[in-house]
Amino acid sequence: MDWYPNSDEQLLLRTSARFATGMAPAVSGARWFRDLERGDVQGELTGWPPGPTYQLRSAGDKAARRTGRALLVGIPLVANLIANLGGASGTPLGDVPGRGKPDEPENEVHDFPVMWAAPGSLARTVPWQLDPGRRPEDCVTDLVLTDRRLLFLATRKGSLAKADILGEFARDAVAEVRRMKFSEVNADVRVTFTDGSWVRLSVGNPDNAERLGQVLGGAVRMLAESELSEGQFDRVARFRADLPKTAHPPTYSRLRSGVTLVESRIPVKAGSGLFETHSILMDDSGQPAEPAPGDL
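Following the UniProt record's numbering, the residues of the sequence shown are numbered contiguously, the last one being 296.
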């Protein structure tokens with residue numbers, strides 16, 4: 001693995017992350033960085049290299065874009081399925097859902113800010129490498145949540161070198177993570193900081209989007225390995241023995257019903273930044289278990 005938490009720190013979740021991309025016809029393929037008056041602030045962000053600029057699409061552009069998206073929409077769906085291959089029998093990962101309806105037309109249909117930030121606010125300090133239009137082609141960015149911090153990491157495609165920490169925030173600086181369902185493959189989240197600023201990110205697949213909100217909202221309790229029972233520890237040892245050497249250390253979560261979910265991410269060769277998620281569900285004794293309604 002290319003990054004480990006501190007010895008006194010618990011890893012809760014790691015997922016791919018990048019600034020989201022507009023989907024409605026007028027904003028398709030675009031993203032903007034806004035202040036509270038909807039001014040474009042990307043030229044004000046310290047240390048950011050120049051990036052692409054976007055314009056709202058005209059009616060003619062919208063019609064052409066709708067036709068094009070009918071052909072292209074399957075591409076990220078296939079990528080998402082590849083990213084979740086290999087789940088064990090009983091895996092909670094479900095089918096890829098369809099796109100939702102806009103919750104905020106002003107931010108999803110008529111405009112598409114991926115940063116909403118007054119001068120000096122926390123959102124303005126997120127790393128520029130989260131922007132697919134700015135970062136090098138071989139750069140892959142991840143979001144990591146621990147019991148103490150929210151971090152952003154960068155790795156290079158095909159590299160085994162240690163990940164670079166691009167930025168980090170204290171856990172208590174994050175006020176909310178909200179799932180934004182009007183997005184390709186339902187994988188967008190809004191991370192809101194305690195000063196009211198926010199960023200909109202795509203985190204790869206709907207399971208990660210849901211889990212991030214559950215963990216930060218307290219609906220799911222993450223467990224340390226030391227909290228597992230003897231039977232659970234034995235079951236996890238067998239689970240890990242079946243994983244390849246490239247697997248990330250598993251994470252453990254206690255679902256609403258009391259069932260324990262164990263998950264491990266494994267990089268796949270099908271594409272950069274894509275992962276298989278292997279998972280098992282077990283009861284307190286380590287025996288296989290089924291999720292209850294509302295667990296996932």
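In short, the hints are calculated from the structure, not lab data.
Just so it is clear, the structure is predicted and the values come from calculations on it, not from any experiment.
Please note: incorrect hints may appear among the correct ones.
To be verified - Capping the alpha-carbon separation at 20 Å, the derived lysine-lysine pairs in PhoX-like fashion look like this: (1) Lys157 x Lys101; (2) Lys101 x Lys181; (3) Lys269 x Lys157; (4) Lys101 x Lys162; (5) Lys269 x Lys245.
Status of each hint after checking the structure:
1. Taken as a hint, the Lys157 and Lys101 pair is broken in the structure, with Cα atoms around 34 Å apart against an allowance of 20 Å.
2. For a cut-off of 20 Å, the pair hint linking Lys101 to Lys181 stands: about 7 Å separates their Cα positions.
3. As the CA atoms of Lys269 and Lys157 are separated by approximately 10 Å, the hinted pair is consistent with the 20 Å bound.
4. Between Lys101 and Lys162 the alpha-carbon distance is near 40 Å, which puts this suggested pair outside the 20 Å criterion.
5. Of the supplied pair hints, the one linking Lys269 and Lys245 holds, its CA atoms being roughly 14 Å apart against a limit of 20 Å.
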